[in-house]
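**Q** Now for the letters of each chain:
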Amino acid sequence: MTKLYNNPADFREELIEGFVAAYGRFVRRVPDASGVMALDAPRPGKVALVIGGGSGHYPAFCGYVGPGLAAAAVMGNVFAAPSAEQVYRVTKAVAGDAGVLYCYGNYSGDVLNFDMAELRCQEEGIDVRTVRVTDDVASAPRGQEDERRGIAGDFFVFKIAGAAAARGDSLDEVERLARKANARTRSFGVAFGGCTLPGQSAPLFTVEPGRMELGLGVHGEPGVQSSHMRPAREIADLLLDALLADAPPDAGSTVAVLLNGLGATQYEEMFVLYKDVHRRLLAEGLSPYKPIVNEMVTSLDMAGCSLTLCWLDEELTPLLDAPCASAAYINC
Amino acid sequence: MTKLYNNPADFREELIEGFVAAYGRFVRRVPDASGVMALDAPRPGKVALVIGGGSGHYPAFCGYVGPGLAAAAVMGNVFAAPSAEQVYRVTKAVAGDAGVLYCYGNYSGDVLNFDMAELRCQEEGIDVRTVRVTDDVASAPRGQEDERRGIAGDFFVFKIAGAAAARGDSLDEVERLARKANARTRSFGVAFGGCTLPGQSAPLFTVEPGRMELGLGVHGEPGVQSSHMRPAREIADLLLDALLADAPPDAGSTVAVLLNGLGATQYEEMFVLYKDVHRRLLAEGLSPYKPIVNEMVTSLDMAGCSLTLCWLDEELTPLLDAPCASAAYINC
Amino acid sequence: MGSSEIAVAVVRRWLALALEVITAHEEELGRLDAAAGDGDHGATMVRGLRAANAAVEKTSDGAGRLLIEAGAAFSDASGGASGALIGALLSSVGRALSDGPFDTATATKALQAGLSMVMRLGKAQPGDKTLVDALKPFVDALAAQPADQPLPAAWRAALPAAQAGAAATREMAARRGRSAKLGERSLGHADPGATSLVYLLQAMEMALAEKCE
Amino acid sequence: MGSSEIAVAVVRRWLALALEVITAHEEELGRLDAAAGDGDHGATMVRGLRAANAAVEKTSDGAGRLLIEAGAAFSDASGGASGALIGALLSSVGRALSDGPFDTATATKALQAGLSMVMRLGKAQPGDKTLVDALKPFVDALAAQPADQPLPAAWRAALPAAQAGAAATREMAARRGRSAKLGERSLGHADPGATSLVYLLQAMEMALAEKCE
Ligand SMILES: Nc1ncnc2c1ncn2[C@@H]1O[C@H](COP(=O)(O)OP(=O)(O)O)[C@@H](O)[C@H]1O
Ligand SMILES: Nc1ncnc2c1ncn2[C@@H]1O[C@H](COP(=O)(O)OP(=O)(O)O)[C@@H](O)[C@H]1O
Ligand SMILES: [Mg+2]
Ligand SMILES: [Mg+2]
Ligand SMILES: [Mg+2]
Ligand SMILES: [Mg+2]
Numbered sequence: 001m002t003k004l005y006n007n008p009a010d011f012r013e014e015l016i017e018g019f020v021a022a023y024g025r026f027v028r029r030v031p032d033a034s035g036v037m038a039l040d041a042p043r044p045g046k047v048a049l050v051i052g053g054g055s056g057h058y059p060a061f062c063g064y065v066g067p068g069l070a071a072a073a074v075m076g077n078v079f080a081a082p083s084a085e086q087v088y089r090v091t092k093a094v095a096g097d098a099g100v101l102y103c104y105g106n107y108s109g110d111v112l113n114f115d116m117a118e119l120r121c122q123e124e125g126i127d128v129r130t131v132r133v134t135d136d137v138a139s140a141p142r143g144q145e146d147e148r149r150g151i152a153g154d155f156f157v158f159k160i161a162g163a164a165a166a167r168g169d170s171l172d173e174v175e176r177l178a179r180k181a182n183a184r185t186r187s188f189g190v191a192f193g194g195c196t197l198p199g200q201s202a203p204l205f206t207v208e209p210g211r212m213e214l215g216l217g218v219h220g221e222p223g224v225q226s227s228h229m230r231p232a233r234e235i236a237d238l239l240l241d242a243l244l245a246d247a248p249p250d251a252g253s254t255v256a257v258l259l260n261g262l263g264a265t266q267y268e269e270m271f272v273l274y275k276d277v278h279r280r281l282l283a284e285g286l287s288p289y290k291p292i293v294n295e296m297v298t299s300l301d302m303a304g305c306s307l308t309l310c311w312l313d314e315e316l317t318p319l320l321d322a323p324c325a326s327a328a329y330i331n332c
Numbered sequence: 001m002t003k004l005y006n007n008p009a010d011f012r013e014e015l016i017e018g019f020v021a022a023y024g025r026f027v028r029r030v031p032d033a034s035g036v037m038a039l040d041a042p043r044p045g046k047v048a049l050v051i052g053g054g055s056g057h058y059p060a061f062c063g064y065v066g067p068g069l070a071a072a073a074v075m076g077n078v079f080a081a082p083s084a085e086q087v088y089r090v091t092k093a094v095a096g097d098a099g100v101l102y103c104y105g106n107y108s109g110d111v112l113n114f115d116m117a118e119l120r121c122q123e124e125g126i127d128v129r130t131v132r133v134t135d136d137v138a139s140a141p142r143g144q145e146d147e148r149r150g151i152a153g154d155f156f157v158f159k160i161a162g163a164a165a166a167r168g169d170s171l172d173e174v175e176r177l178a179r180k181a182n183a184r185t186r187s188f189g190v191a192f193g194g195c196t197l198p199g200q201s202a203p204l205f206t207v208e209p210g211r212m213e214l215g216l217g218v219h220g221e222p223g224v225q226s227s228h229m230r231p232a233r234e235i236a237d238l239l240l241d242a243l244l245a246d247a248p249p250d251a252g253s254t255v256a257v258l259l260n261g262l263g264a265t266q267y268e269e270m271f272v273l274y275k276d277v278h279r280r281l282l283a284e285g286l287s288p289y290k291p292i293v294n295e296m297v298t299s300l301d302m303a304g305c306s307l308t309l310c311w312l313d314e315e316l317t318p319l320l321d322a323p324c325a326s327a328a329y330i331n332c
Numbered sequence: 001m002g003s004s005e006i007a008v009a010v011v012r013r014w015l016a017l018a019l020e021v022i023t024a025h026e027e028e029l030g031r032l033d034a035a036a037g038d039g040d041h042g043a044t045m046v047r048g049l050r051a052a053n054a055a056v057e058k059t060s061d062g063a064g065r066l067l068i069e070a071g072a073a074f075s076d077a078s079g080g081a082s083g084a085l086i087g088a089l090l091s092s093v094g095r096a097l098s099d100g101p102f103d104t105a106t107a108t109k110a111l112q113a114g115l116s117m118v119m120r121l122g123k124a125q126p127g128d129k130t131l132v133d134a135l136k137p138f139v140d141a142l143a144a145q146p147a148d149q150p151l152p153a154a155w156r157a158a159l160p161a162a163q164a165g166a167a168a169t170r171e172m173a174a175r176r177g178r179s180a181k182l183g184e185r186s187l188g189h190a191d192p193g194a195t196s197l198v199y200l201l202q203a204m205e206m207a208l209a210e211k212c213e
Numbered sequence: 001m002g003s004s005e006i007a008v009a010v011v012r013r014w015l016a017l018a019l020e021v022i023t024a025h026e027e028e029l030g031r032l033d034a035a036a037g038d039g040d041h042g043a044t045m046v047r048g049l050r051a052a053n054a055a056v057e058k059t060s061d062g063a064g065r066l067l068i069e070a071g072a073a074f075s076d077a078s079g080g081a082s083g084a085l086i087g088a089l090l091s092s093v094g095r096a097l098s099d100g101p102f103d104t105a106t107a108t109k110a111l112q113a114g115l116s117m118v119m120r121l122g123k124a125q126p127g128d129k130t131l132v133d134a135l136k137p138f139v140d141a142l143a144a145q146p147a148d149q150p151l152p153a154a155w156r157a158a159l160p161a162a163q164a165g166a167a168a169t170r171e172m173a174a175r176r177g178r179s180a181k182l183g184e185r186s187l188g189h190a191d192p193g194a195t196s197l198v199y200l201l202q203a204m205e206m207a208l209a210e211k212c213e
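Residue numbers (our numbering), protein chains in the order written: chain A, 1 to 332; chain B, 1 to 332; chain C, 1 to 213; chain D, 1 to 213.
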């Protein structure tokens, strides 16, 4: 339940102001727009990675702005895609001479608004491309991968695209690598409780005691299936069964792993679950590469978590390992 | 509510196993003991910083083990101090030739067990010193600072002691700096909801709708006072009034700031609150230094947050800025 | 009052009434959206309509211009899918309205332009459980009215088609928008966007009655 | 059965009964601890007693040695304040018990050693709202029994002092331990450690009755 606010209508504005006040060592406010940009943007000769979406998912999206990561994040209201106008303004602020890549989770509202901004920027001669993250296997069956929504897999796609951009890769190349990262990333999640929008008193959905939702979204959308609650080891199997059945065609054996908390799930619980995830990965002959057990893409104070696998190769691994610095993720 | 577990009695063991599986790039298991140690420990010529306490506070304590931070963390069961036996075993595993500093929050159970281990190690000729963190102004009045419990201020004391140890300072010096950091650190918190121990079905305490608890602990201890719920800007004032009234005698004007989430409080809310904290700090003539708005010392899935100020000086600032790498905190 | 002054008055009154009606139903729209989406549709619409009302206060142009400004302000303040689509609807209706007499034929043509813009942007077809399922039947029903029917009466006569269309979304499984991912789970709840569109059309009925009859 | 075999049987039986009684009251002890502390006292005691029981299964030494082992296992498995203190209590009672006859005088002397160890480690005084408020009155009452009174009867006669001591903690404000920080807020709830100590003493009463009478 959202407890800390002044006027719910000012929530986004106040959160941006607070974020910039706290993390002014990584970002500054985009003038006259709902977003933040890296201190060194626009970066001459470098592709600008622009990410964004509704608020309520911190560290996504503003927590991932900085050297080696995104050039800017466009920030919508809680769970509402930013408007095309805001996407446009942020793009103008950070576009250098090497083009812009939009990267965001595949939701109707984001697609509509980013697409409209892309069109407008292109009319002005800015080369903008788009890669939508579609990692959530629960949201559409195989064969319709492009219809899937983006959840915690955002993180791997942003990291890889951001590193390619920082390296000075061309827009074609950054786009290709982001698309490849997305094509090799799969997520599946479970929820134990819903979340509440600022100023509202009832949660978006509730999960009955003793039950859980499978295939949840990161906007308090209920899951695609309900099940009785199970021990951690069975949940680990359930998550992995879904991901492994959907492994990308050219999958190798090295996987980056993210066990992502949605907000109210305890870190300790996630480690207990990770123990069973790790064992199962090894038993499947997979090598977990630098696993992350943390809150990387949240859903307000929703209880639950998701498991993401990104099948790496010699091209993606160095990009994942490349240095970066942002409010929420530092690598060195 | 704890949802992910197998057998509640195995919770600690499974969480240690999962943590080490995920973050083997920073830590390994202390053989035959309830704890984790840095890959490079024992470090010849360097003081070993040993931290620890009950589980349920991640990233405290195991998330802060690594180069530039703690040499090891002793991990108790959820909310239960580790036994003297475990503290002893972990100490033996990481003690080098430059002595050991114990650093932990001031709670009866931790004091008893760490003190017993210290005695035993000293009998064996290991030079062990202890600095207890006592940052929570709500837990005892001025003049009885030593009686206060340790909450999120743990982070600054660990960071400064860890940096001094990594630099090669003598045990006397590391102890002095840790003590100084603690003496200049103050925290105060608010809670909006209680937390539930693994395997239990009722929370430790509940907060009535429309109310909040002031001066909460990080173990689901209820606060020292109850109040009606207030807008974020009034909560910011309330937190700062308590801290500023208790500023250390030799306080300068530069303060490290940590706005710490206890588990279920959303990051977005904390940024909204931080906006008002920041404004007030500036209005008071204080300079916030590299603020952190994050979950650094949690209390399972408790809803609430605390504000910590650490009054810096030319000695402490470089230690806070020194590089370090651990599962939960990287600086470079 | 000439035709174009009437049109201006209608647009202003409509925006004010729309804000009232949607605000009164904010909770309901949120609940409908929460059933399979993210629960923010009520809040999004209110935010957009507030901004649209504020935007037209500053403008003293014709009705078409007012709608263009209102649409831009709506989109920017709302964000989300409905922000983009309803904002585009307002703006393209505004563009198509231009001068001309303020009658049933003009309104129909303008709304047809709006509808096709919404369908082009959102790529939703009838039956996909979106606001198109309320908007298209309404536009078709309006077009079917006798050409000489005064606009208030034509509008009133077309409204039941929108209501029936919105009600029918209850039986549809979402294929577009956030709730599309839930497939079957969206069955049994009316689409929030179709529901709020009916409120917008009802607000227009009242505005027309007040200002034209 | 000689005195030392009886002592061994009593200790084993006591540990088994203590685990039963405490398990039956685990929830209650947790609730008492949650009132002003961290709610884990029931779970902590159960964990400790399970480990203590497992430890003595492996040992075939005398009663003193059994208690020393049980105390070490209890402390290690429990952790926390009560783990350290109750473990130290068991171990120092065990050390003081050594050989000698298993009678009221020996038991009293051993418990006095245990009490002073607990007070030395924990630095709690009577009135601080800790397990000392149950333990000290009990030890004093046991010491006040006629020297020739058989142990089971002496134990039974001393129990009410422990119960009264634990009950009195309800009116005290905590000054030691986690709940000390809450001062006034701890008023009105009995101290969990004092409460569980009474259960431990009651379990011993049963064990003595079974094995010695
Ligand atoms: N592609 C689309 N085409 C037409 N209408 C759509 C489309 N996507 C969403 N909608 C409409 O938008 C409504 C949801 O609006 P809202 O909740 O405000 O936005 P969001 O889905 O971004 O949270 C849906 O009920 C539906 O009527
Ligand atoms: N310093 C102390 N001296 C004596 N008894 C203490 C002391 N600190 C705590 N206790 C006892 O321990 C009990 C709490 O035990 P428990 O909840 O298991 O440990 P923790 O306080 O570490 O969570 C208290 O009720 C009190 O009786
Ligand atoms: Mg939305
Ligand atoms: Mg405890
Ligand atoms: Mg919505
Ligand atoms: Mg306790």
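Since the hints were derived computationally from the structure, they do not count as laboratory data.
It is possible that some hints are incorrect.
[As the list claims (entries may be wrong)] Here are the computed lysine-lysine pairs in the DSBU-like style, where the Cα-Cα straight-line distance is at most 35 Å: (1) Lys180(B) / Lys92(A); (2) Lys109(D) / Lys290(B); (3) Lys109(D) / Lys180(B); (4) Lys92(B) / Lys211(D); (5) Lys123(D) / Lys109(D); (6) Lys211(D) / Lys109(D); (7) Lys290(B) / Lys180(B); (8) Lys123(C) / Lys109(C); (9) Lys58(C) / Lys109(C); (10) Lys180(B) / Lys180(A); (11) Lys180(A) / Lys92(B); (12) Lys123(C) / Lys92(A); (13) Lys180(A) / Lys92(A); (14) Lys180(A) / Lys58(C); (15) Lys211(C) / Lys92(A); (16) Lys211(C) / Lys58(C); (17) Lys180(B) / Lys92(B); (18) Lys58(D) / Lys123(D); (19) Lys123(C) / Lys58(C).
**Q** Against each hint, give a clear statement of whether it holds in the structure.
**A** Hints, one by one, checked against the model:
1. Lys180(B) / Lys92(A): Answer violated: Lys180(B) to Lys92(A) is near 48 Å, above 35 Å.
2. Lys109(D) / Lys290(B): violated (60 Å)
3. Lys109(D) / Lys180(B): It is violated: about 45 Å lies between the C-alpha atoms, which goes past 35 Å.
4. Lys92(B) / Lys211(D): Violated: Lys92(B) and Lys211(D) sit about 43 Å apart, past 35 Å.
5. Lys123(D) / Lys109(D): Holds: Lys123(D) and Lys109(D) sit about 21 Å apart, inside 35 Å.
6. Lys211(D) / Lys109(D): This hinted pair holds, its Cα atoms lying about 21 Å apart.
7. Lys290(B) / Lys180(B): Holds, because 20 Å separates the two Cα atoms, which is no more than 35 Å.
8. Lys123(C) / Lys109(C): Satisfied, since the Cα-Cα distance of roughly 20 Å is no more than 35 Å.
9. Lys58(C) / Lys109(C): holds (27 Å)
10. Lys180(B) / Lys180(A): violated (51 Å)
11. Lys180(A) / Lys92(B): violated (48 Å)
12. Lys123(C) / Lys92(A): Within the cut-off at roughly 27 Å; holds.
13. Lys180(A) / Lys92(A): Roughly 27 Å between the alpha carbons, so the hint for Lys180(A) and Lys92(A) holds.
14. Lys180(A) / Lys58(C): violated (48 Å)
15. Lys211(C) / Lys92(A): violated (43 Å)
16. Lys211(C) / Lys58(C): holds (21 Å)
17. Lys180(B) / Lys92(B): holds (27 Å)
18. Lys58(D) / Lys123(D): Distance ~33 Å between Lys58(D) and Lys123(D) Cα, so the pair holds.
19. Lys123(C) / Lys58(C): OK: Lys123(C) and Lys58(C) at ~33 Å, within 35 Å.
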